[in-house]
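Chemist: Protein chains in written order, with the numbering used here: chain L, 1 to 885; chain X, 1001 to 1138.
One should not assume that every hint holds.
Said to hold, decoys possible - Interface residues of chain L toward chain X, partial, derived using beta-carbon atoms under 10 Å:
| # | residue |
| --- | --- |
| 1 | Ile754 |
| 2 | Arg770 |
| 3 | Pro774 |
The hints are simulated quantities; they were obtained by calculation from the structure and are not laboratory data.
Beta carbons are placed, not taken as given, at the ideal position from N, Cα and C, and that holds for glycine.
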Amino acid sequence: MKERRPAEVEHATLRQIGTLADEQAALRRVATLVARGAGPMPVFEAVAEEVSDLLNTDVAAIVRFEVGGMATMMGTHRARRSPGEHFELDPAYVVASVRDTGEAARFDTDDPAAAEMPEPVRAEGIRSALASPIVVDGELWGAITVASFEGSFPPATEQRLTDFTELLAAAVANTQARDQVTTLADEQAALRRVATLVARDAPSTEVFDAVATEVGKLLDTDITVVGRYDADGIATAIGNWSAAGGGVPVGTRSAIGGRNVLTLVAETGQPARVDGYDDASGEAAEIARRYGWRSSIAAPILVEGRLWGVMLVATQRPEPFFTGAEHKLAAFTDLVATAVANAQAHDELRRFGDEQAALGRVATLVAAAGSPEQVFGAVVAEVSSLLGLERIELVRYDGDSGTVIAATGDHPFPAGSSWSLEEASVMASVARTWRAARIDDYSDLEGEIARTARSAGFQSAIGAPITVEGRLWGVIIAISTDPEPIPERSEGRLGQFTGLVATAIANAESRDALARIAEEQAALRRVATLVAEGVDPSEIFSAVSDEAARLFGSGAAVLRFELEPPAVVFVGISNEVDIPIGTRWEFEEGMATAEVYRTGRAARVDHMDLARVGRSLGVVSSVATPIVVEGRLWGAVGLTSMDEQLPSDLEERLVKFTELVATAIANAEGKSELAASRRRIVAASDDSRRRIERDLHDGTQQRLVSLGLAIRAAEADLSPDRADVRAQLEGVVDGLADALEDLQEISRGIHPAILSRGGLGPALQTLAHRSTIPVDLEVTADVRLPEPIEVCAYFIASEALANAAKHSLATRIDLSLAQHDGRLLLSIGDNGIGGADATCGSGLLGLSDRVEALGGSISVESRQGEGTQITAELPVELELEQPVG
Amino acid sequence: MTASGVAEGSPMADPSLVPIRCLIVDDNPSFLEGATDLLKREGLDVVGTASTGAEAIRLVTKLRPEVTLVDIDLGEEDGFELARQLSETSSAFTKVILISTHSEQDLAQLIAASPAIGFVSKARVSAQAIRDRLERAA
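Construct the complete structure from the given sequences, taking the supplied hints into account.
Modeler: Okay, here's the thing in structure tokens:
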């Protein structure tokens, strides 16, 4: 140092005092800042400025030391780097020396006492650089450094810097302390908020997001992710927060592996950090880069000692997290670990509860025997709500295609649509394997379904099979349009519903089958009643056609086969059928009835195989079953459909109906045959009676006559003195005459001669004459009628007159015979005491059988004291053979 | 009815009685035989017998009996019909009396409607009965 002259000394002292004052002022300003609780950064800025000013430097900077040879620029004046910048500390810099030694250091180009200025620095033009350590709480925190492009710094500069470094240290310490306190308070508050959520039983997603938010704020970062480590080496994001985008969506999955915090924590169970993703690797790193992360730290979430998940904090800012940030994170993470796990458990419980409630609702529907449609609708709605997916389908397998039976949400596979199982789809996979299936990516799949799915924005889908009584009935499919795949537990949750659906279907199918059986039975009963009542077969044909059409949903007809030429004739039709009864169609290829005629068995013809005549009427499907009457093929029952194929079990279900028709026909044929045979019996009996009468007449009566004549001849030859013999012979002759009269009487009872000779008129006259009670006879029918009818009418009159003579005490009988509208009307009435029982006195009963056999009717009215009235009605024509249909 | 005329022996005993000439039409041979025999004994002149309508007409035309007994049940043929035919063709010279084993009552209407002059039951056939009918009709 040069000696200074007194004026110079005075000047120097004045200057020293001035400088001191400036220094004090500067220090005071900084101290004020610190006292006012300004954050570190403003303090650093202020110090850099003051120092630069005071020391008249070109450059001043405050640097914080970081791990791994890095440093952060904290406050600057005209330094090349900006505050917050993170850089590698070059050994050429004087600051590096401070870091290495913990002592002040100086590089100087000109001062030989100082260390050599490293070349790179000198190349920048810096002549002198100085740095002093900042020690906080006994630890080397950082350094303050000044540099000059001109001359060397005075020797005491380090000393002067020291005051500032002490202030800085205090400021930093205060800040840190305050920070710590703040941090503690903040942490507690954050924890309380999270705990409140958990206690309130908030959904876990809310809890995780809240945790992520609190962490983000606490650590003053951009992005937080709460992740769960899942079993298969995958981690799933379950909560997130980001200040301004750049956050990873909940549900994002990443494989563990490579060099990234996710993997580091998973592998070590320890907090980890990655500063800069340039050489990071693995899927997690890809995701990080995709979201623009520059660095991240992560801490393990341990629950009951087990690695449950990870708390990850990232930033898009260039500077990495402060030293020890990951430990701070770990500390807070420990606090929230339990809450997170609890929340997840709560969530599981709640979801379980939700599922059970949903299953319960569906089960109630099933038990209440709701229709399958109701159950399907409820299932897709509940599944949609439970899985949080809008688009759910319930598909039934029909042979080689799947038909959507119920669906929620807006998508191109609506209820009612059918899709081929040949193409790639969840429905096809399930059909093939009978197990749950999923598609996580439609982009590489071919086929219409995949194309449709892609253009509808589907990203993934899962399906669970529905098996009913051992057979694969269908599948429930859930579709997501989120880029992230559907959580893998979802197939299992879906599976819980498929069981219920299967039960509902089985129940409904049984109920349906039962209902169908009941309906069919009712229809069969109605027809059987008609058959038992013996209604005309044409009514049966009509009834069967109507019932069949109603049951099997199509048009129906009963047809009779004719032989020459082979054809069918319509004998019964249902309402929808527009073909008149009696229409005749000759057999053609493609007529189901022709097949029946040919094979004697049920036949079915569909679509293009149908005969022209069927197709021209709009028929798309037809079935015919044979009607076999007492072993012979009589005709067929035919069913047609205009819209869809007739069910495949139709032939079987029709069998009962065709059997009824056959019975009706057989009955009718039998009955009319029976009636015809009764008439024949009546006629034959009348015939034989006439013959008996004839025989009596020609035989016995003639013999008696001849005997009488012979005896009278013998009498004539007797001598007069043989009066005794004569008397005897005359007695014999009388006896013979009596016998003859007896036979005549008998003959009259069997078959009156006058009836066959003269007809009813004369015969009734004869009866009337012979009657002991006067008869008022009125005969207006004067045509000859078939013998059985005349005989019947005669004997009714004869019996009635005989009864009246025996019981009635009448004084008069009215007997009338008339013909009207093709019917013969016979009426016999007396004014006697009445009270005749129509059933006793088998005469009239036997006659009523005969009357009915002939197709007539007879009625007896005989009220006590009111006389007896007998009315008989007979046809005037008689058919001894009766065809049916 | 007694065979009162028989006491004198033969039917020819009563000279005031010109034997009535009679034809019997019946399909029963034993009746024809027996009736012929009896009526002859009773004084009728049975000039012939016929078994069918055609034969009857032929014989009536040829023999011109005063009375023709016609059996109502002439086999397949109808005695009433024959009676009608005879009345149309031969009523000038012959009267028809219907005979039958049926009682008169039974066929009353038909007999009344017939051109025959009366009816005699075959069991009671006798010359007297025939004479009675002829007198009534005269």
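Chemist: Against chain X, run the beta carbon of Ile754 of chain L and see if the smallest gap drops under 10 Å.
Modeler: Nearest chain X Cβ about 5 Å off; hint holds.
Chemist: Against chain X, run the beta carbon of Pro774 of chain L and see if the smallest gap drops under 10 Å.
Modeler: violated, 16 Å
Chemist: Min Cβ distance, Arg770 of chain L to chain X: is it shorter than 10 Å?
Modeler: Holds, about 6 Å.
Hint violations for this structure: number 3 only, all remaining hints satisfied.
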